[in-house]
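*Asks:* Listed here are the chains, written in short residue letters.
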Amino acid sequence: EDQVTQSPEALRLQEGESSSLNCSYTVSGLRGLFWYRQDPGKGPEFLFTLYSAGEEKEKERLKATLTKKESFLHITAPKPEDSATYLCAAPSGGYNKLIFGAGTRLAVHP
Amino acid sequence: DSGVTQTPKHLITATGQRVTLRCSPRSGDLSVYWYQQSLDQGLQFLIQYYNGEERAKGNILERFSAQQFPDLHSELNLSSLELGDSALYFCASSPNGGVQETQYFGPGTRLLVL
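Chains A and B, in that order, are what the protein sequence lines are. In our numbering, each number is its position in the first sequence, counted from 1, plus 313. In our numbering, each number is its position in the second sequence, counted from 1, plus 1101.
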């Protein structure tokens, strides 16, 4: 059964303290690994798509990387406005139905 | 703003009732997806439509149904509502429903069943 697992569940950082979020997946024939940011009560906001092992993408303080078994979302020098839940997802079952991890709740304190 | 719109933003109703949630995809997108997000289950795929036709089904209850209309907007109908149906319901859209396409999510409808 296809599965996406994220760790840690929650992460508290001081402003400027860099860290990484993990997304491990067991998906047959991976066709993309998606990262989203979700603020409380809002819809998921698209961040990145990674398609093959070794691929990296960057946006401001965020960098996403992909290996054959997992993806990392690296946050460099985070600011309080980076506080959110970060979700990763992968298409499952030969269709574009995304299966999501439970998310990592990130809190960045000044 | 993703370009996907959903109405209403909030819905409060009673057990046993029926409600309809509405979604308009991004301009040009032909595929619409529905997801449910509850505290204990996370984001769960419900159903996908492409150009009016059902394409994929997930863990959607028989009490729930959806359709996509010729103008590409979609509606999710929830009937015989139970307390456990209280959740956030999201609609997403993508250009052609292909497996590698990015899905863009709407702001959601928060449903509370009392």
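Just so you know, these hints were derived from the structure itself, not from any lab. Where is the CB? At the ideal position from N, CA and C, for every residue including glycine. Keep in mind that a hint or two might mislead.
To be verified - As a list, the in silico DSS-like pairs of lysine-lysine whose alpha-carbon atoms are at most 25 Å apart:
#1 B/1158 to A/355
#2 A/355 to A/381
#3 A/381 to A/392
#4 A/392 to A/370
#5 A/355 to A/372
#6 A/381 to B/1110
Stated by the list, open to error - Covered by chain B, according to a simulated footprint, are these stretches of chain A (three or more residues, beta-carbon under 8 Å):
#7 320-334
#8 344-350
#9 372-381
*Asks:* Are the hints correct? Go through all of them and say.
*Replies:* Now the hints, each set against the structure:
At most 25 Å may separate the alpha-carbon atoms for a hinted pair to count; residue 1158 of chain B and residue 355 of chain A meet this at roughly 24 Å. For the hint pairing residue 355 of chain A with residue 381 of chain A, the CA-to-CA distance comes to about 31 Å; that exceeds 25 Å, so the pair is violated. In summary, the hint linking residue 381 of chain A to residue 392 of chain A is not supported, as the alpha carbons are separated by about 30 Å, beyond the 25 Å threshold. Restraint check for residue 392 of chain A and residue 370 of chain A: satisfied, since their Cα atoms lie roughly 19 Å apart, inside the 25 Å limit.
Pair hint residue 355 of chain A plus residue 372 of chain A holds up; C-alpha atoms about 21 Å apart against a cutoff of 25 Å. Annotation: proposed proximity of residue 381 of chain A to residue 1110 of chain B is violated, straight-line Cα distance about 39 Å (limit 25 Å). For the stretch 320-334 of chain A, the stated coverage by chain B is violated: 0 residues have a C-beta nearer than 8 Å to a C-beta of that chain, whereas at least 3 were required. Check result for the stretch 344-350 of chain A against chain B: holds, 4 residues qualifying (beta carbon to beta carbon below 8 Å, three or more required).
Three residues within the 8 Å Cβ limit are the bar, and the stretch 372-381 of chain A against chain B gives 0, so the coverage statement is violated.
In the structure shown, a violation is registered for the earlier hints numbered 2, 3, 6, 7, 9, in ascending order.
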